[in-house]
Structure formats: structure tokens, C-alpha cells
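Chemist: Keeping their order, the protein sequence lines are chains A and B.
Mapping to the numbering used here: the first sequence position 244 is 244, numbers consecutive.
Mapping to the numbering used here: the second sequence position 53 is 53, numbers consecutive.
Watch out, some of these pointers could steer you wrong.
Copies of the same chain look alike in the list, so a pair counts if it works inside one copy or between any two.
With a straight-line cut-off of 20 Å between C-alpha atoms, the simulated SDA-like cross-links for lysine to any residue are [to be verified]:
(1) Lys311 x Glu120
(2) Lys44 x Gly215
(3) Lys298 x Thr337
(4) Lys62 x Asn316
(5) Lys44 x Lys282
(6) Lys286 x Ala335
(7) Lys282 x Lys298
(8) Lys282 x Thr331
(9) Lys334 x Ile223
(10) Lys334 x Glu300
(11) Lys280 x Phe268
(12) Lys44 x Ile90
(13) Lys334 x Gln245
(14) Lys60 x Gly124
(15) Lys269 x Ser327
(16) Lys60 x Leu94
(17) Lys274 x Lys311
(18) Lys274 x Arg244
(19) Lys334 x Gly27
(20) Lys62 x Asp322
(21) Lys280 x Ala231
Hint data in this document are derived by calculation from the structure and do not stem from the laboratory.
Quick caveat: nothing in here was measured; it's all calculated off a predicted structure.
Number of protein chains: 2
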Amino acid sequence: MSTSGMPPAGARRHEPDTDTIVGGILGGDRHMLSRAITLIESQKPEHQRKAHEVLDRCLKQKTSSIRIGITGSPGAGKSSFIEALGEVIIRSGLSLAVLAIDPSSRQSRGSILGDKARMEMLSGRKEAFIRPSASSGHLGGISPKTHETIVLCEAAGYDVIIIETVGVGQSEVEVDTMVDFILLLMLPGSGDELQGIKRGIMEIADAIAITKSDGAQEGIASISKTEFEAALRMLPAKYPFWHRQVFLTSSVTGKGIAEVWENISDFFKELRKKGMFEEKRKEQLKSLLYSVLEEMLKREFFTHPEVMRLKEDVENQVLSADLSPFSGADTLMKAFTRPR
Amino acid sequence: MSTSGMPPAGARRHEPDTDTIVGGILGGDRHMLSRAITLIESQKPEHQRKAHEVLDRCLKQKTSSIRIGITGSPGAGKSSFIEALGEVIIRSGLSLAVLAIDPSSRQSRGSILGDKARMEMLSGRKEAFIRPSASSGHLGGISPKTHETIVLCEAAGYDVIIIETVGVGQSEVEVDTMVDFILLLMLPGSGDELQGIKRGIMEIADAIAITKSDGAQEGIASISKTEFEAALRMLPAKYPFWHRQVFLTSSVTGKGIAEVWENISDFFKELRKKGMFEEKRKEQLKSLLYSVLEEMLKREFFTHPEVMRLKEDVENQVLSADLSPFSGADTLMKAFTRPR
């Protein structure tokens, strides 16, 4: 059978150069934005180098997007809430990018929510860019890549960047270093979760929305509102100028969604008035520096020729108890020479 | 006022040498074990060096402790459950060490559960060693230190090591690299949490105990049991030889606690019979090697004289947008020279 006319087996998909990618992103080409995000997520050294070039140039753009983290337990209705909020944002004349972090289950290595149809309405709007992103392996699902993706979306001119995180705990603390405002979504009747680790999450929230406050749940939702308000009063203020509110919302009836958006808009007005918006961006840039640095350090270590040469041997000696993990780590550290 | 007879202001508390510490640990001196754990947790380089010497020698001990991770949402009743289980373990003639990971709230930097009286009964038993340990800063509350503390407790001769983790998500995945058996505690009626991230936790569980199955909650607990059993059937088997069970338990009435312990004991019998116990220890040792290595790498990087000299300047340039975080990270990486 003839294979003439077919591309050779080893042929690569044509890869655009840095200029083309950056030009595309700044020109609002969603396809190019998507490709740049894929480039960022790639582990290949040549892709990493190119991604950093693209990011360097995107960072030079003057942008004024606002960054919102939306978080809550699984089942809190985050996707539906974001759909409803997204509609309100678009109606107010703004564009938005939604970065949805998919938690991956470790054993099956699959994306739990990947198979669910998510944010269908919003996906069809030209003002919205939705990017689900698997957390594959990185702690808590948020990685430096998420922060880098925010930078690209800002350069592409999106007015509002929403980062959706799933899970309870660590990922919220990490997302806090990347966003300006954190909205915590809670289910009606979840007030009894107020102890323990939830408190840590409430501390970083700038507003709370109780979801699914419709039909038979309205009564319980109102009680939860009172409970959360009481809990918020017990916590130290995050900003002296900002009073954290609790909203009753429903993605089905639309209740409270516009009020949440108004609250978020008010926050940014205050933040800018106090001159704190720029300050936040600087803190975020600093945290990006250190997360990039940590990734680079690990990559350089584990691709160092001498470390790679010794690694298996050290591992075997540790496993056969001829070497302790501490001495093993020492040996590999000594192998990690770097020229002056 | 005379200060004669008082120790000089700069006097340090006498620090025992490595021999004394190791001798104390192996001899079952709880006070010395506590001090060694404190040494491990110290950030000072001289303490780190000494801690590694102690650990190296403790690792040489032939031990056969079993390691159990107990996890569940805040409010699931972990401490009471461990108290009840601890009594059963002690009655069966074994000793136990409990390492309770306290989640720290980021903003207040305080330990949420630190002020609660925890495991009061167990604390009074000579067969039990309880060590609460603040997670301060480390992702998910579990750190290489936890693993190192396990090594010390094993050398001290404890038959059973229980690691209690609070939180949902990441910490369970990390504890999975340190323990042999994971028991997931769930509240009655929590079956609706079965979606999303919970699935990832269920995948690593070797048994589930529904807590607070007493009084008015017994009915709901039974329904939850059926739901969890159904959910477990949908998940891939963790071990071909192990059928994961769901238990109804109450720390108040003692219901189901002995059955859980019997189940855990059966698991270890099977594990040893299949020759997989040693294999597990090897996997754990390997993961300890890499977590120690990562810590060492970061410490060496951030204490490197040239990195320390440039760090502030690079940070400032990044903050004033004269340098991108990527170029900044590059600059610091280049400064990290290491002699051949």
C-alpha cells in the first residue's frame, strides 16, 4: 500500500515562532492563546525556553485585569455559579477568562470532572475564554503554570480572570498568592463545617456566597448566612477597608448573582482608591518569582548529568539499606556541581 | 541587684550528644524521643546535621512497627476515634505512638486545634506516646519531618504508629507515601460528598469507618455504610488480595472499634504473607530519599552566599518590572555555583 501523499511519520505539527505567538495573543487570537498555554504546560526544555520568552513579552504589557479566585467544596456548585456570574460580567460589557483547575485523582491519573459537561453556555460566548486545566501531580492542583496562564490571559486583554479551584485547603492558600479577590462558595447547611481547616479558608475569603439558595433550601440557606456572618465577625479583618459579606445566591433563579458582582466591583474600586492594586500585583509577581525559581531548581537538579548518572545507584543503595536516605541525599547533592 | 548564682544570660540549655540521644531513644526514654523530634523540627543547620546523624543510626535498627494513617474531614471525630482505637491496641498488648498533625491557619499562624484538649485518656497511658505537631507552613501539613518522626518512633520500639491527618485532599496523598494502611473516617450522612475530590481520598483508603454511629444517627450511618460500600465497588482495587470494608463505629459506645482493629491486623497478616511488607518499606524509604533531597536542595540554594547576595536586588528588579520573574529566576540560578 502506497503512503505517498501522506505526511512522513516523523513530521511535526508546524510550531509558530515566538513573534507569531505573542502577536496572536495580543491581537486576541484565542487559538494562539490556547497554544501558548499548552506550550507553558509542556515539560520539554525547548518548550519551556520558548514559553518563558513569550511570558517575558506578555509581562511587559500594561494590563489592568482583575483576578478572582472562586473556591469551595466539591458539590458546592462552582461551575453553575461561574456560568451565572459570567453572564452578569459579560452583560456589564466586560470579557472574561475562566481557568478551571481539574483535580486529578492520583491512582487513576484521570480527571474527575473532565468528563462532565461544564460551563456550556459560557463556552459558547465570544467574550469568554474557558480553559480547563488538569492539575496532574502538582500539589493542590494549583501550580506556577496557573500563574503563568493568568499572565497570558491578561496580555490577551481579558478584563476579568476567574480561577476556579476545587478542594478544600491547600489550593486556596496557593491561589491566594495569585488573585486579588477570593470568593468562597458554601452549600446551605454547611455551617457545621466551620471548625477546623475551614477556618483557614474563611480567613482568606473576601466574600462568601451561599449557593443553591432556592426552593426548599432557602430556609436552611438563611440560617447558614447568619452562621457565616457570625463566624466572619470572629476572624481578623483581611483589609481594614473591607467588610466581608455573605450572599444568598442561586444559579437557577439568578438570585444574588448581580449583588456578588457588585460587591466584587466595589472591592476593586476600594483597592484602587487605596493604591493597593499595584501593591497586590507586586506581591503576586514576587510569589511568581519564587515558584518559577523552585521549579527551575528542581528541573536543573534532576537533569544534571552527574545526578542522573548516580541517581539509580543511590536509590538502590538506600533501598537495600546500605545507605540512609540522608546520606543518599547528601551524595546526590555533592554530585550537583555547577560551574562558576 | 546581684545576679550571682544565676546562669549567665547567654547560657544554653544543655544539649545531649548524638550517642546520648540515640541511646535514650533505643532505651525507650520518651523524654529523649521528644527532644529528638524537636531536633528534627529545628531549622538550624547544626541541629539538622545532628538530626541526620540520629536518624541514620535509628534507621539501622531492625523494626517491625506497623504504620497507620487515619484521616477524615474536620469534625469527623478523629481524636475520639484514635482514643478508642488506642485503648483496644493497648489492651491487645501493643504500644503505640500517635503523631497528630495540627493544621495551621495561614493568616493567624496559630494552631487551630492546639488549644483543644485532645486524646486526654491516651496521653495518660504509659504504652502511648502522643505528639501533636504543627504543620506550620508546609503544604498540606505533612512534611518530610513527619516521615523522620515515624523513623524515630519505630526505633523507640512502638509497635503501632498512627499518623492523624486533618484536611481533605493533598495531605492524604502525602501520608500515603509514609504509611502502610489508611483508614478513612466519615461522618454519617456524608455520602453526598462522594463526588469530586473525595473520590481521590477513597481511592487510597484501605478501610472506611463511619464515626458517631450511635443514638439518633444510627439510621443515617447505616445508609451511609451502604453508599460507601457501593462507591468502593466502583473503584479499582488497591491490592488484589484486599477487600475494603466499611465499619459502623462509635467512640462513645465503643461500637465497631475492635472490628476495625481486627481488620487492620488482618491486613498486615496478608501483607506479610504476600511478602509485600518489606516492599512497602522500600517504597517509603525511596519517597523519604526524595523528600529529604528536595528540602536539602532548597536549603542549600537559599543559603548559598551568592544567591543570598543577589536575592534582594533581583526581587526589587522583578517588582519594579525591570526584570521578569523568569529572567530573575535565571539570574539566581546562575549565581548558584557549586564547586566540582
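Chemist: All hints, please: hold or fail.
Modeler: Against the structure, the hints:
1. With identical chains, the CA atoms of Lys311 and Glu120 are never at most 20 Å apart, being 47 Å at best within one copy and 46 Å at best between copies.
2. For the identical chains of this complex, Lys44 and Gly215 are neighbours neither inside a copy (51 Å) nor across copies (58 Å), given an alpha-carbon limit of 20 Å.
3. Within a single copy, Lys298 and Thr337 get their C-alpha atoms as close as 14 Å, and across copies as close as 15 Å, so both meet the 20 Å cut-off.
4. For the identical chains of this complex, Lys62 and Asn316 are inter-copy neighbours only, at 19 Å across copies versus 52 Å inside a copy, given an alpha-carbon limit of 20 Å.
5. In this homomeric assembly, Lys44 and Lys282 never come within 20 Å of each other (Cα to Cα): the closest approach is 29 Å inside a single copy and 30 Å across copies.
6. When the C-alpha separation of Lys286 and Ala335 is checked against a cutoff of 20 Å, the pair qualifies only between copies, where the shortest distance is 18 Å, while the shortest distance within a copy is 30 Å.
7. Proximity of Lys282 to Lys298 under the C-alpha cut-off of 20 Å is found in neither arrangement, the shortest distances being 25 Å within a copy and 23 Å between copies.
8. In this assembly of identical chains, Lys282 and Thr331 lie within 20 Å of each other by CA distance solely across copies; the values are 19 Å between and 38 Å within a copy.
9. Within a single copy, Lys334 and Ile223 get their C-alpha atoms no closer than 60 Å, and across copies no closer than 57 Å, so neither meets the 20 Å cut-off.
10. Both within a single protomer and between protomers do Lys334 and Glu300 lie at most 20 Å apart by alpha-carbon distance, with minima of 14 Å and 11 Å respectively.
11. For the identical chains of this complex, Lys280 and Phe268 are intra-copy neighbours only, at 11 Å inside a copy versus 52 Å across copies, given an alpha-carbon limit of 20 Å.
12. For a Cα distance limit of 20 Å, the shortest separation of Lys44 from Ile90 qualifies neither inside one copy, at 37 Å, nor across copies, at 53 Å.
13. For the identical chains of this complex, Lys334 and Gln245 are neighbours neither inside a copy (54 Å) nor across copies (47 Å), given an alpha-carbon limit of 20 Å.
14. Neither within a single protomer nor between protomers do Lys60 and Gly124 lie at most 20 Å apart by alpha-carbon distance, with minima of 30 Å and 62 Å respectively.
15. Proximity of Lys269 to Ser327 under the C-alpha cut-off of 20 Å is found in neither arrangement, the shortest distances being 55 Å within a copy and 33 Å between copies.
16. Within a single copy, Lys60 and Leu94 get their C-alpha atoms no closer than 22 Å, and across copies no closer than 64 Å, so neither meets the 20 Å cut-off.
17. Within a single copy, Lys274 and Lys311 get their C-alpha atoms no closer than 52 Å, and across copies no closer than 29 Å, so neither meets the 20 Å cut-off.
18. Taking the closest pair of Cα atoms, Lys274 and Arg244 come within 20 Å of each other only inside a single copy of the chain (17 Å); across copies the shortest separation is 56 Å, beyond that limit.
19. Proximity of Lys334 to Gly27 under the C-alpha cut-off of 20 Å is found in neither arrangement, the shortest distances being 48 Å within a copy and 35 Å between copies.
20. Taking CA atoms no more than 20 Å apart as the test, Lys62 paired with Asp322 passes between copies only; the shortest distance there is 13 Å, against 57 Å inside one copy.
21. For the homomeric pair Lys280 and Ala231, neither the shortest alpha-carbon distance inside one copy (26 Å) nor that between copies (44 Å) is at most 20 Å.
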